[in-house]
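Chains as they are written, first to last, in my numbering: chain A, 107 to 593; chain B, 1407 to 2114; chain C, -14 to 210; chain D, 228 to 541.
Using 30 Å as the maximum straight-line C-alpha spacing, the simulated DSS-like pairs for lysine-lysine come out as follows:
hint	chain 1	residue 1	chain 2	residue 2
1	A	LYS166	C	LYS162
2	A	LYS552	B	LYS1546
3	A	LYS475	A	LYS552
4	A	LYS544	B	LYS1548
5	A	LYS552	A	LYS405
6	A	LYS475	A	LYS204
7	A	LYS309	C	LYS162
8	A	LYS200	A	LYS135
9	A	LYS475	B	LYS1599
10	B	LYS1599	A	LYS469
11	A	LYS405	B	LYS1599
12	B	LYS1913	B	LYS1819
13	A	LYS479	B	LYS1599
14	A	LYS200	A	LYS552
15	C	LYS204	B	LYS2085
16	B	LYS1546	A	LYS475
17	B	LYS1548	A	LYS552
18	A	LYS469	B	LYS1548
19	A	LYS552	A	LYS204
20	A	LYS552	B	LYS1599
21	A	LYS469	C	LYS204
22	A	LYS208	C	LYS204
23	A	LYS130	A	LYS552
24	B	LYS1546	A	LYS469
25	B	LYS2085	A	LYS469
26	B	LYS1546	A	LYS479
27	B	LYS1599	A	LYS544
28	D	LYS279	D	LYS255
29	A	LYS405	C	LYS204
30	A	LYS552	A	LYS208
31	A	LYS200	A	LYS130
32	C	LYS204	A	LYS200
33	C	LYS204	A	LYS204
With the C-beta cut set under 8 Å, the calculated list includes, among others, these residues of chain C facing chain B:
hint	residue
34	PHE99
35	TYR102
36	VAL103
37	HIS105
38	MET130
39	MET133
40	ILE134
It should be emphasised that the hints constitute simulated quantities derived from the structure, not laboratory data. We put the beta carbon where it would ideally sit given N, CA and C, even for glycine.
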Amino acid sequence: MIAVYLVLLIPLIGIVFFALGGHKADTGKINVRFNAICLLATIWLAINVLNQGTILSSDKAFLIDPFNVYLIVLTAFVGLTTSIFSAPYMAHEKEIGKLTDKRLRLYYSMYQGFMLAMYLVLTTNNMGVMWVAMEAATLATVMLVSLYRTPESIEAAWKYFILCGVGIAQALFGTILLYYAAVQIGDVENSLLWSVLYENASKLNPDILEIAFVFMLIGYGTKIGLVPLHNWLPDAHSEGPTPMSAVLSGLLLNDALYAVVRNKMLVDGSTHNNVAGYLMMGFGLLSFLVGALFLHRQKDIKRLFSYSSIEHMGMMTFAFGIGGPLATFAALLHMTVHSLTKSAIFVTVGHASQLAGTQSMDKIRGLIKTQPKVGWGLLIGTLAIAGFPPFGVFTSEFLVLLATMHSYPWLAPLLLLGIGIAFAGLFRHVQPMVYGEKPEGQLPVKANLWPVIIHLGLVLWLGLAIPGFLANWFSQATLLISGSTPL
Amino acid sequence: MILVSAYCAVLLSFASGLLALLMNQQHILLTLSQYAVKKCFNDAGHRQDWLNKYLEERHYPAFLRLAVFILLGLSGVFAVLAGLAVLITQSVITDQIALGLPWLPWHVRFDCLSGFFYLIIGIGVCAVSLYGPGYVHSNKEKDHPFAVLGLFTGLFVSGMLLVLLADDAFFFMIAWELMSVASYFLVAFQHEKSANRRAAFLYLLMAEVGALSIILGFGVLASFSDGFTFDALRASSLSTTWASIAFVLALLGFGMKAGIVPVHVWLPEAHPVAPSHISALMSGVMLKVALYGLIRFCFDLLGDVHWQWGVVLLILGTLSALGGILYAMMQTNLKRLLAYSSVENIGIIFMVLGLSMIFMANGHPQLAALGFLAALFHAFNHALFKNLLFLGAGIIHHQTHELNIDMLGGLIKRMPKTSLLFLVGCMSISSLPLFNGFVSEWLAFQTALQVDVLDNGVLRSLIPVSAAALALTAALAAACFVKVFGLIFLGQARSRNSGKAHEVHDKGMLAGPALLAGLCFFIGIFPGVIIHLINNVSSQLLGATLPDDSTLGWLWLAPVSAHQASYSAPLVLIGALIAAGICYGYLRRNPLTVMRRAETWDCGFGGLTPRMQYSSSAFTMPLRRIFASVWIIDEQIYKDTQGAMNQDVTAVHYQLHIEDHSWPRLYRPIACGVNSLSKQVGRIQTGNIRTYLGYSFATLLLLLWVIS
Amino acid sequence: MNIVQTDFYTQAILSMAALVGLTSFLMLGQSRLLRLIFVFALQGLLLTSTTALAAYSLDNPHLYISAVLTLVLKVIFIPWMLRREVLRMNMHRDIQTLSNKTMVMMGGASLMVFSYYVLHPIVQTTSPVMLNALAVSLSVVLLGMLLMITHRQAIAHVVGFMSIENGLFFAAIVATKGMPMVVELGVAFDVLVAAVLFGIFFFHIRTSIDSMDVDLLNKLHEVDK
Amino acid sequence: MNWLIAILQTLLFVALAPLLAGWLKWCKCYLQNRKAPSLFQPYRDLLKLTHKQPVVAEQASWLFVTAPYIIFSATILAASVIPLIAVDLPTSASADVIVMVGFFAFARFFLALAGLDIGTAFGGMGSSREMTISSLAEPAMLMAVFTLTMTASTTNLSGAIAHVLNSGLVLRPSFVFALFALILVAVAETGRVPVDNPSTHLELTMIHEAMILEYSGRHLALIEWASQLKLMIYGVLIANIFFPWGIAETFTAQALGYGLLAIMGKLGLLAIFLSIAETLVAKMRLFRVQEYLGFAYLLGLLGMLSHIILEASR
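All chains, please: the whole structure from these sequences, using the hints.
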């Protein structure tokens, strides 16, 4: 149990520490250390959970079950690797004078703040606190989106702020309704606790829960970036500093989805028709297809990949919507591999745009000649995210597809269509950037590409073989969510 | 044992890929080896020198290249061994590898069908690995790093081998895509030219689409069965409709890879731009893997075939065969031409496969076996001579830096060995007797002529027509390769490059093609060798073999029965030798009549120039007139005139541009559709925050309304 | 059932609900920013008194705390901040008239009806009072969104956002007698931070487009112009 | 014994070919009121050519020199397949009708290459046209032949002829079509009027002659002989497939003698018909040829269909 407090405490210290001394030269490395310690703590936590099953803290404030514990580890891991990447990146940004000490302080302390919010979302047992943390995550990142203070970044941040704020407000209304429904069955004080709610989900009033779920879906769905609530996402990703885009894509979206799934579990427990599932499938498929189409008309490299995030989140939402062990397993796997791959891609994207001095894709050419590591990283990462084996994304997409074939065969062609369109959309832009002759005056930048190598290596490993402990981890989570396991 | 060697083939090719990665790590190796030597041996001196000799700057790259290709060659040898072994023993070996999904390890199955294609791949890889070192020697390490080439070549080969081993849908798809992606990197290897990038993109895109439709095909099967292992899929029982849907999906997917019209367009784009030994592998071997996929899917997984599918295959095959050769006829780039002729040969194979399906569905398994035999045999032959031709093209390009037929000429005197090998290739691809191409074509005709046994009137009249189309194809192929050989090797040199070309020095570059050429001839004379092997395949897959007609003995080839049709290549060869020998001896006996060289007759105009010779477009002009509607022909002639009333013409410019019909008809519309669709979708993102709020507001109301 | 039969608390709550709804309508109709802010503060005040009332009649002490929080945040701090902003930008004179006011009002009214319709299924589980309260608060939320959609100044957007918060808060108080304390505090904290951030953002927006018209923030889009 | 007869028959084939050519020329001269050379003129020409010293162009490679031998032997092989005076000979079993077509293709392949080898415009022109025409003629011919082989359900020529012989005089509509198709193809393939004119050297019209323009001496002799042989082969095909009567089925001297007489008679008649046709018809433009051959193909197709639908339908 101490692990949980540790996980929450370290970022808290981090916030204060960096707020005071975030501008020092070696802050990047310190940031890395903070995240590394966090990762260790989470691993410790994970081991505990794996050994003694679900942990519920004594004051019922925190609940660690197989579903969230692996997300926690994932969060810590991506946080760590992204911080590794951000150290040289931010140093470079400071060198070229895009950032001042003050903003650097802000950046690092908000980085920790964001991590804190993420951990809180995942670990808490209280739906209300989950909402608070989610809102806090928005507030922490909104200043980072506008870190460069360009008009575009201000605009992006404003949109992000307003849209997510309004959206999240809906989620709060949903939470209130949930609470209202829970109060009906007594135990006023604890009736927002997930553990309590989940135990007597069947007693909750289905009508209220359906309405509540709609609000939750709209609210957290805005954060997931479901079409048509997605509009903030590409702006925020493209205008903020790249490490921010990496964690936004890799973590924030996942956690929003996590919140939705938690609520879906409640709703399913109470209303035994699969309404929540259908809603999620509809939104998921829509976002998947629309996101895929948007890929074709991008000019900004980071926008491109943020749309691909929308597309993939759509697929996960769809898969969770299908329900059933296979789909759920696939969705969990897809969550993992997507956040790994996408953050790796954003690392390479960041360096690519640094060495080109712009994010516009027409200017970025011949990366393989300019800086081979970055070029190959981007190319292979794109292959991975486009769902080519033997990378893990293929595995999960394959499973989603088969689950679809089993339950809703007539949707499978749509899914394949989306994959095809998305692939074309990604590659028509990426291939010209990596291949070809190097443009004049583009020089390699100082880059630490270990995150890319590690992430892609992991994704490759997951594609070739899912290690036993992870498989059984996933299957426990699947068991929790869908009630049965594919194994 | 057999399986072990099969695995060895995969692992070795994989290892060769990894070894290539060490291209730039020689210093690490150096230090490592020195350390090791110091540790292990007490007399470190001369070993040290020996090591340094190989690891120092000068020798290292050549040494490494050699090592990589040796590994590749070994994998080829192992593949051949494994294939032969399993074919001879007729065994089925299954295994599981503890990779993949937790509840679905990779299933491996090695049976005669896989074995046969293993054989094909093995031979191709052997030839290529003989040829490779000399060919890649001239690459500049900086622009075209060997590490990349070697790595992806290794992955490509191992991917193809794994496809043959796969016994569950998941593993199959992984191997399949590994093959596609690796070959994509190879196509994009020389990515400075925009044409190459375009080709690579097109290739990968079509590979992806094909793979998706294959997945969907598997999905259809899987949704009627439990699990994705091929055993489960075999067990699944589908209604005719669903089976046909699965068939169509598989046909689209595998056909896209195999390059049947109209989904063939990636072939002529991708093959020319890849390095020649790669295009040899792609055209000679990878297309066969696609064929394997189709056979596995239709004959093995789907089980009971329907004659309608056969008709579909027959028609598509006929189209591809005719279209392929007609397009090939018009090409001036040698490798493009060869790529199109691959389309033609694949078409022929599909035709015969369709026939075999028809016979199978009508309950004539023996005739089905005959068709199957013809198809596989032709696949084998095509692998041989197409590899040979691509390697030859590689040599030509390597020596003259030209691939444009109109720029070559007269190489037969400067490159005698190459020209001989290439001639063999041309003769077998245009299916002349005594060479292997003819045998498979003969078998194809024999299959078509068995139509009498069918009852269905449509088939009875359709099949002979397609047979005639096959004849037309063969004749056109002969014309096409007369053009190729005649313009490249005969006559006078049409450009300086080809004027000062000379024979390759590297033995390996000749040994690879020589191996293939020898096989072409050998199989042409003794086809029985392969036919027995294929018989084993069909007995295992279709449960039927040819009527064993051993009364005639090994000299004779009588697929149906002796009195119906028979062909004895050895006797023919002997006869030919006798006849030629006699008249040669008889006519040469008189010493007075020794040859005299003299100037070519030039109609009295003094001095023939190379430009007076027939060019490629001139050679094919009559056919272009005759089959005009097959191509989109854009032919322009400008005359520079001067003098009084612009009477006298000083120069004439002639431009000929020929395009495939499938581009404007099929592909451009799709591209435009996607673009305009995305444009429409783009409109929802107006950039105005109030609109966005409106969206979420509307969504909320909508959902609330839906719920209540 | 009849209003007469209910106790005083319920009647008070219902009338409060009516008033809160009314204020939302007023805000929707406002075209002058200062007045908008004033009405918003009024709504905050109503909310505070509701909270206090609930705290008193249900003697639920921690509601007093949230009442105080509401008073400080929604009645004093935020209106003060916004007002200062308006004066600094000297926008207190200019008027943004809604293009078709009647339509908007009709829309608002229909939203109210709609929220009754949506929450109708709840009625069988609980008293119509709750239904009323919830419906009103839902309609306040929706009206807040409508306000944001129809108004163009950033300040109006902030007001809308905050009035949505008000609606939520109202629901929390009357329907569920207040959320658990920790949540209350968290929400309040978020609102505070949000308010501060809004302050910062006004500054940035002013410096970047030197106006408060959000329609001018439209550089990032996917439409070919 | 059989082998001996087979070889003898092949030799006879080779020996008679010039005679047929001579007879054809004689008939034509007679019809055109010219004074005819003797029947044996072709033999004299060949002999004379073999004694001349061959002159070879400078650009020519080894292929140019070896081509005549290849062409000649390929044609001989084709001849050896065909029953001239007797059926059931072992040579005909070693290769069926498809292989025979293959032999022709073989010869043509090298002839065309030789045309290209010397690097003049003529050679290229000749081989281009030759390949074009042949690639159109081949399917037509195969269609015609398939009609026969499907009737006899064998692609083995002597087997097929024997089948026709044994089934007595049956009037098959398919055979009528096939016969005409084969005749048209034969005219095209052997380079006679109206497709090509063996006795012209006008570059606009010549096809076969253009390719062999550079040949001389024994090489020319071989090629000429090969083309005469080809003419005879087609003649024998037409004669023996459609009117097989008289051909020897047993290997007695008497039967063989009758067979010889029969075939000579048939060929003589055929030659007369051909010469009449050549005298009456004018040579057609090159780009009319595809219509001509298309017609031949159509006939073959009709023959095939009428066989399938009328004769073999169940």
